[in-house]
Structures are given as C-alpha cells and as structure tokens.
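Enquirer: Same order as they appear, the protein sequences are chains A and B. The numbering used here puts the first residue of the first sequence at 155, with every later residue one more than the last. The numbering used here puts the first residue of the second sequence at 54, with every later residue one more than the last.
Certain hints may be false.
Reference listing, derived: stretches of chain A covered by chain B, where coverage requires no fewer than 3 residues with Cβ under 8 Å from a Cβ of chain B [claimed, not checked]:
no., region
1, 234 to 241
2, 249 to 258
3, 262 to 272
4, 361 to 370
5, 420 to 426
Chain B stretches covered by chain A per the calculated footprint, using a threshold of three residues with CB under 8 Å from any CB of chain A [what the hints assert, rightly or not]:
no., region
6, 84 to 95
7, 139 to 149
8, 185 to 198
9, 244 to 253
Hints were generated in silico from the structure; no laboratory data involved. Backbone N, C-alpha and C fix where the C-beta goes; we use that ideal spot for every residue, glycine too.
Each chain, letter by letter, is given below.
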Amino acid sequence: MPKRSVEDMITAEGLSKRYGDKTAVDNVSFTVRPGLVTGFLGPNGAGKSTTMRMIVGLDRPSAGTVTINGAPYSKLKSPLSEVGVLLDAKAVHTGRSARNHLRAMAATHGIPSARVDEVIDIAGIGSVAGKRAGGFSLGMGQRLGIAAALLGDPHTLILDEPVNGLDPEGVRWVRQFVRHAASEGRTVLLSSHLMSEMSQTADHVIVLGRGKVLADAPLPALVRAWTTARVHVRSPRAAELADAVSGREVEVVSSDQFTLDVTGLPASRIGDIAAERGIAVHELTPTSGSLEDAYLALTGDAVEYRNRAVPQDAAQQAAQPTPEEVRA
Amino acid sequence: MTAIQARATHVHTSSSHVSFGRQLRSELIKLLSVRGTWWSVAIVAVLTIGVAVLFAANLPTGMGNPIMVIVSPVQFTMLLAGILGVISVTGEYSTGMIRSTLTANPVRGGVLAAKAAVLGAFLFVISLVIFLVATVIVMPILASNGTPFDLADPSATILPILAASASMALFALLGVGIGFLLRSGAGAIAVTVGIIFVLPVILTLLSAFLPDLTWLIDAADYLPASVAPAAILPDENQPISAPVAWLTLGAWAAAALAAGWAVLRTRDA
Chain A
155 MPKRSVEDMI TAEGLSKRYG DKTAVDNVSF TVRPGLVTGF LGPNGAGKST
205 TMRMIVGLDR PSAGTVTING APYSKLKSPL SEVGVLLDAK AVHTGRSARN
255 HLRAMAATHG IPSARVDEVI DIAGIGSVAG KRAGGFSLGM GQRLGIAAAL
305 LGDPHTLILD EPVNGLDPEG VRWVRQFVRH AASEGRTVLL SSHLMSEMSQ
355 TADHVIVLGR GKVLADAPLP ALVRAWTTAR VHVRSPRAAE LADAVSGREV
405 EVVSSDQFTL DVTGLPASRI GDIAAERGIA VHELTPTSGS LEDAYLALTG
455 DAVEYRNRAV PQDAAQQAAQ PTPEEVRA
Chain B
54 MTAIQARATH VHTSSSHVSF GRQLRSELIK LLSVRGTWWS VAIVAVLTIG
104 VAVLFAANLP TGMGNPIMVI VSPVQFTMLL AGILGVISVT GEYSTGMIRS
154 TLTANPVRGG VLAAKAAVLG AFLFVISLVI FLVATVIVMP ILASNGTPFD
204 LADPSATILP ILAASASMAL FALLGVGIGF LLRSGAGAIA VTVGIIFVLP
254 VILTLLSAFL PDLTWLIDAA DYLPASVAPA AILPDENQPI SAPVAWLTLG
304 AWAAAALAAG WAVLRTRDA
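Only chain B is shown next, with the shape it has when bound in the complex (with noise of 0.2 Å):
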C-alpha cells in the first residue's frame, strides 16, 4: 500500500464554487459511471431493436404508419427509463452517497433539478440514438415487404421518433421522483411499475366488472402507459389528443417531482 503523506495542497483550488452548470457534469458523471446506467440501456436497445425487427418482418399490409414497428417498443421501454431514474436517486440512498451529494450542495432543489435534467436528457439522447439506430435496421425489412418508410412526411419518421425519446425522458423523470420521494429501491421499483403496468390493468378489470362506473374508464385513459401512445402517435381513434396527452405525461412527471422535492427538502438525510 502506498505510504500517505500529509502535505499542503499545490493546486489550487480557489476559484471553485458550485453552479448547476457543474452540478449538471457532476450528475453525469455519476449517472455513466456506474453499471446499472449501461445495463438499463442496453436492455432498451436489445428490445427496441429486437421488437422492431419482429413487427417489421411480420407488419400486415394495409398497417396504418409502419414507424409505429419503431416506436411501439416504448411501451415495454418506458418501464426501464422509470427504474433507471429510481435507481439514480435509490442507489444514493442505499449506499449512503447521498450524503456525499448533499455535503457538495447543501442546496437541495439543485440536487433534485440537476438530477432530473440530467436524466431526463440522457434517455432523450440515448432514446433517439437507438430508435435511429432500430430504424436503421428495418428499413430493408419493411421495404422488401412493400411498406416503407415514407420518408418525404415527417410526421411518419422523426417527430414520432422525438415523441418517442421525449415520453421516455418524462418517464425517466417520473422515476426520479418517485425515487426522492420512498428513498427505498424496492418499493420506489415497485411503485414505478405499479403506475406503468399495474394500474392499467386494474383500472381495466374494475371497469369491467363494473361498467357504471365510466369515471373509471375514463381514469385509465389518463394513466402514463395510456396517454404515451396518444402523444408518440397521435390519431383521431385514440380517446385524448396528443396536446391533452403531452400534458398529462408532463402532468406525471411534475408531480412526482413535486412530492420528491417535498420529501427531499424537509427530511434528514
């Protein structure tokens, strides 16, 4: 082991001070630094890609706007960005790094901000990479079965594919909330999904069991996993607009973050 020796300091170190120019690098060091970052993502990519390249190879003809063999996937992906904005924030607490965070900037609703921004633009990013890359991969695949691309109308190429990076940036940053708001990564886990796939499905048994109630019916057209089809491929069958549909999905992710925050900036750490 190297000896330790106890001397001044030779660099200097002045002019230092905390922004969130720098707490935004700080986060991102942290968030592409550790494993779970990584796995999340290429968990995402092999079923986005793997899912497109099935639907492609086997899109009926006549099927409406083929982009939807690359965005469809979202609704099995979305989870992922959920969970890894969970465990960006749960794995702080359970390892007691969050300590560490807090003691760097004591000011707790840039600690929030700059987490969830950094998040939230790297599923954006990486999002966007991968259902390009997934576009990629199917373009011969749907062409050879005579529905390609019709890449003149960007309404059926990259603005579904923005929509798509963008609803799972807003999932992404619902798991950030929810993570500052239970702290404990089971349960945050468990609450993250218990939105995104549990409750749809509960929402729609009730429903079923009880059809008088049509306020229930309605609720779930207003669930994360609902209103993101609405938003990513918007057309006149589904039951909300894309504008209503943005709007709740941002709706999601500012409440969590709200209750986050209220939790992060009045509890110890």
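Chain A on its own, in the form it takes in the complex (with noise of 0.2 Å):
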C-alpha cells in the first residue's frame, strides 16, 4: 500500500471470516475514500455483512486486518463521533423508548441531549420517540437505527441496506443524506440490494460475490466494462442500412425488417452513414447498460464467478465525486 493520508479512510487488507470449513469471507482487500459514497454490492451471502460487522469491531477477522482512520475500531477513542454504523434494525433493546435508547447511547460519548433531540428531528422520529421500540415498524426501526448512527456527527458512514423497509420519502432522504455527507468530505460505505438506488447514490462500487471481490470501481467505469452500449435504430430500409453500417468490430441485430440494434458504433456515425445514403431514419437511440446489467454480468455465473479488471485509468478518471443530488 502506497503511503497515503489515512485519514478517514476504511481500509481491508486480506480480510477474511470463516466459520468452521464455511468460508464467508475470502482475503478481501479494498479502501473506501473519504468524499465519496461506496457502495457495497453483492447477493445474499456473498459477505457485506459480515465485512462490514468485522469493520467495527463485532466479528473477529479469521485473517488480516481492517482500519478506519488507520486504526482498528477498537482503538478508536471516540468510536461514536468517527463512525456512524447502521448494521441492522434490529440493533435496539425491544422494550425501551427510542428516546432513551439514544440517550444512553448518547451518555457513552457525553453527547448532550440537545443532540439526541437533534437526531431525532433529523430522522423524523419525534412522533414515536416515547414509544416501545418493540412496536416500531422496519421503516421506523430503520429510522431510528440511522439516528443512532448520526449521534456522533461522524465523519465515517456505514449503512448496511439503510432503505430496507424505507417508504419512498424516506429512501430520498437516505440518497440526499449520503450524498450531502460525501460532498463534505465524509467517507461512506452503504450496502444495498436495490441495484437502481445503487446506481443514483453511489460513486464508486465494491462488488462482492462468495467472500470475494469481484470488482472495485467507479460506478461509471464498472457500467462501461460490463455492459455494452448499443443504438437502436428505426428505418423503412433498415436491411439496406444494416449493409451500411456493417463491418468489423459492429454486430448488427434485426428484430424486424424496420428495426436494427446496433453495436460498435456511435448514433451519430449511424446517422451520419444513413444521411450519406439517403436513407430515413425514424430513430436513433443510443442506450446505455445499467448499473444491473453490469451486476447480473460480474454476478451471473452461477457456477464460477468471472473475474474482470476495470482498466485503471478509467478508474482514476472517474474518481470525482459528482455534485449533483448534493443539495438536500
């Protein structure tokens, strides 16, 4: 590892967790960056969890190491205010008031109460905060769960699957608050199945498939590697036009005879060779892979994961965060 600012940065180094000859995870590597949402995606049992369970100190690594700031999470003197961790909603003693549960929660730091009011402003749970935690629903337990974590004003995130449950306001509200603690230079790490919210919150992307790491990238540069850009174009002669076009590097599909899905190259040399020709073109849509058809393709092998590097400096390249959806 190059000698770089730890700063508020999580970093893996030959992580691993087995129980018995069951291994859930295997020698993982990874940094996540402070300014930036990393997002944590995998299937069920492929290891976020765990990974994430070991990053604060509740499982014990079988092997390597894994620090936040350059610490392991039990030499953090101030845990709360470093690291905010949402592992599960089901992180609350049953019987007690969301608001004393964050009260002693908060008394661990000296937190004021003021903050604990704060927090439960913030996560819009004031109306039950006297209530049994017990009856909360998974989208109040959730947002009570995501109170905790704010208590410290932490610069370091961990959300494992914070929209689970969530109704569509609060999803937003999750997406805006990533978003806006990334842009002041937070470090997050969120896990989440839903592959469209990945993809509109998260910046750089660790896939994670059998313990292992099947990809570390932005999300931009894993969508390029994994999925391929096609235009669909209409025309009256379309089987003309797929003459036109046809050549090395482009493979050309015809669904029916006005139809052609076109890949290899740009809509505009399609339009382009087309105008030349004379030929009418009723459309000419280029279309893009999603951040799922990139998932499915790194995930989809059942049998045996493959294994695909993202070229390096498109991963530099897109390494910026990107401000939009930054403002709450």
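Need the complex rebuilt from these two chains, each delivered in its own frame; the hints are there to steer you.
Expert: So, in structure tokens, the structure goes:
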C-alpha cells in the first residue's frame, strides 16, 4: 500500500472470515475513500454484512486487518463521533423507548441531550420517540438506527441496507443525506441490494460475490466495462442501412424488418452513414447498460464468478464525486 | 409521519469521547429504562416486606436476633437479584442491542465492568431502601410482641441490613457473569436458578444417600445460597465464619464475571 493519508479511510487488507469450513469472506482487500459514496453490492451471503461487522469490531477476522482512519475500530477513542454505524434495524432493546435508546447511546460519549433531540428530529421519529422500539415498523426501526448512527456527527458512515423497509420519501432522504455527507468530505460505505437505488447513490462500487471482491471501480467505469452500449435504429430501409453500417467490430441485430440494434458504432456515425445514402431514419436511440446489467454480468455465472479488471485509467478518471443531488 | 430532513448538525459533539464514568451513566439509563427492572424491584419489595411482616408477627419469644425477620427474605430475593443481573445482559443479546452497545464502546472489558458496577450498585441501593422500609413497617409489630430491635447495637440493626444489601449486589454480579457466559436468557436463568436453588437440594439429597462422601457435605456449605446467611448474620452455629462466607460469595461472583469476560472478549457479538 502506498503510504498516503489514512485520514477518514476504511482500509481492509487480506480480510477473511471463516465459520468452520465455510468461508464467508475470503482474502478481501479494498479502500473506502472520503468524499465519495462507496456502494457494497453483492448477492445474499456474499459477505457484505460480515465484512461490515468486522470493520466495526463485532466479528473478529480469521485473517487480515481492517482499519478506520489508520486504526482498528477497537482503538478509536470516540467511536460514535468517528464512525456512524447502522448494521441492521434490530440493534435496539425492544422494551426501551427510542429516546431512551438514543440517550443511553449518547451517554457513553457524553453527547448532550440536545443532540439526541436533534437526531430524533433529523430522522423524523419525533412522534414515536417515547414509544417502545419493539412496536416499531421496519421503516421506523430503520430511522431509529439512522438517528443512532448520526449521534456523534461522525466522519465515516457505515450503513448496511439503510433503505430497507423505508417508504419512498425515506429512501429519497437517505440518498440525499449520504450524497450530502460525501460532499462534505465524509466517508460513506453503504450496502444495498436495490440496484437502481445504488446507481443513483454511489460514486464507487465494490462488488462482492462468495466472499471475494469481484469488482472495485467507479460506477460509470464498472457499467462501461461490463455492459455493451448499443444504438436502437428504426428505418423503413433497415436492411439497406444494416449493410451500410456493417463492418469489423460492428454487430447488427434485427428483430423485424424496420428495426436494428447496432453495437460498435456511435449514434452519430450511424446517422451520418444513413444521411450519405439518403436513407430515412425514424429513430436513433443510444442505450447504455445499467448497473443492474453490469452486476448481473459480473455475478450471473452461478458456477464460477468471472473476474475482469476494470481499466485502471478509467477508474482514476471517474473517481471524482459527482456534485449532483448534493443539495438537500 | 414527520418529514425527514437532511441537514448538518447544529449541536457540537466534538468534545465527546468514551470514559468509564460515561459508560456507567449509559448502563444506568439502560437499566432504569426497561420494565423488567422495575418488575424485579417490585417483586423484591413485596417479598421482603411480606415475609418480614409474616415472620415478625409469628416470631417466637426468645428468638435470637430479631433483625433476622428483615434479612432472612434474602433467601428468596437473592434469586431475583441474580435473574435481574442475567436479563440485563441476555436482553441485549436477544434484541440485538449488544451490537449497539459494543459499537458505542468496542472495549469489551469496559462494557462488562460498567454493567457489573451499575447492577451491583443498583441492587445494593434498592435492597437497602427496601430493608429500611421493611424495618420501619415491622418495628411496631415486634414491639407489641415484646421483641423489639436493639437499636443501640449496630450488629442487631444496620450491619446485617448492609450485609444483606451487599450480598444482593453479589448475587446480581453472579447473574451478570452467567448472562455474558451463556447469552441465552432461558439458559442463563436456568443455570442461575440451578446454582442458587437446585444445587443445594441435590447436594443435600446426595449426602443423605452417600453419607461417606463428607467432602460433598462440606462442598454444599460453600454454595452461594449456603454462605449468604453466614455472611449476613454471623453466629457460632454456622459451619463457616463470616470472613470465609464473604470470600466465598465474592469468589462466586468473581468467577462468573471472569468466565463471562472470557467469552465476551473472544466471541463474535
């Protein structure tokens, strides 16, 4: 590892977790950087939650290390103000009210009760704060977990499935919240199985499968590397156009006599070729792959996961955070 | 439902960090904010005062130290102290709260120490209050029976009450240790009941059938429920002396906490 600043970074090196002869996490290395939302993607049982639990010291790695800001979690002087953790909605005593839960958490760090009131307000659980957490819906429990994660105003957020069970408004709020946190230079690691949500939220994606890192790349680079961009063309003289655009590296698929799907040529080039020959074009739609396509391509092979490196130069180019949706 | 907003913090939390005092405060908030605690306190109060009144009203004249009517209910309430210790831990495991606790303070020894200290102190104070209330209630009953407390003699009043309160605290620590050791509420309660109530019966039965095994009879004297009376109301008829009784009771609590700590520090939460 190059000796760069470890400020607000999560760094895993050779992290493994075995339960008996089952390997949940297998020699995983990655870095989660500040100023970005890093998404943890993977099918159920891929090792996302286990990895997150090892990051915060709940599970002991069988091998390897994981550090936050250069230190293992257990060495942090002020865990709640360095790391906000949402592991699952069920990390609350069911017999205790939401407010008392937050008060007890805050008390460990001497966090003032005004901050408890503030996170209750931020998470929108004011109306149920006096009620026992055992009666909460999944969404309310999730909001309480998020409120607890925010107590110490942490520099790093680790959120396991934060939008699980939330209503659309809550989903949108979490997205805006983590984008805003990243724009302030905070480190955000979140997992989600909702592909569309992840594609709207994450800058960088780490894909886990069977406990291994399958991909670790900026989201646009990942999508580019694992999906194919094609151009959907409709023309009354489709067959003629197909002949005109055909060539090496160009693949043309025709589903009926008026439509073509062209891979390997940009839409502009197809339009130019059509114009040169006076062929009328009724539709010319470039379609790029989605994160979901890329994800399925990565993890789809059930027998053995394939591994394909994302080009490193592309990875570095796209490492800048996108400022969209930063405004709450 | 209230709309949730995304905005930065206004309350400064920069001076916050973990300390043992703050952990004690957190554990106290946790203990006082669940109903199980107050149910246990209520049952201890009812049992203590009820048994004390019953004994006081039927105390045969010439019975040694009348303070025994106040402290003898410990023989029942020690179990509640142990169970409260157990559920303060196993409740965290069954609900997942332990993960919040351990992420707020990843130093596991500190978590165990804070919980044990709060449980012990709480049981001591609560028991002391209940014993004092019971004393005030039975005073007129005993006086009318002609067996009043000897208020001039601390060993006939406040000392046994303090000792009984301290032994309640030690039984709570025994429960805390067993809770961390076993994590499951049902299992830990069963073991606590076993050590406090069942083991003495089994050893008594065994020694009745196997009178040659004198070590068994001796061992029975060192069970927590057997040493508690010797610690609270020392007298020459007890098989072991008060200092040995305290040492034994303390050793039980210490052993349980050490076993709990060994599990807590090594196992995944």
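Enquirer: According to a criterion of three or more residues whose C-beta lies within less than 8 Å of a C-beta of chain A, is the region 244 to 253 of chain B covered?
Expert: violated (count 0)
Enquirer: Check, residue by residue, whether the region 84 to 95 of chain B contains three or more positions whose beta-carbon lies closer than 8 Å to a beta-carbon of chain A, and give the verdict.
Expert: holds (count 4)
Enquirer: Within the region 262 to 272 of chain A, is the number of residues with a Cβ closer than 8 Å to a Cβ of chain B three or more?
Expert: holds (count 8)
Enquirer: Test coverage of the region 185 to 198 of chain B by chain A using CB-CB distances below 8 Å; three residues minimum.
Expert: Three-residue rule not met by the region 185 to 198 of chain B, so violated; n is 0.
Enquirer: Are 3 or more residues of the region 361 to 370 of chain A near chain B, judged by a Cβ distance of less than 8 Å?
Expert: Contact hint for the region 361 to 370 of chain A vs chain B: violated, 0 residues under 8 Å.
Enquirer: Counting residues of the region 249 to 258 of chain A that have a beta-carbon nearer than 8 Å to any beta-carbon of chain B, does the count reach 3?
Expert: Coverage by chain B holds here, the residue count being 7 at a Cβ distance below 8 Å.
Enquirer: For the region 420 to 426 of chain A, do at least 3 residues have a Cβ located nearer than 8 Å to some Cβ of chain B?
Expert: violated (count 0)
Enquirer: Establish whether the coverage given for the region 139 to 149 of chain B by chain A is satisfied; the threshold is a Cβ-Cβ distance below 8 Å, and no fewer than three residues must meet it.
Expert: Three-residue rule met by the region 139 to 149 of chain B, so holds; n is 4.
Enquirer: Examine the region 234 to 241 of chain A: at least three residues should have C-beta closer than 8 Å to a C-beta of chain B.
Expert: holds (count 5)
Checked against the numbered hints listed earlier, the structure breaks hints 4, 5, 8, 9; every other hint is satisfied.
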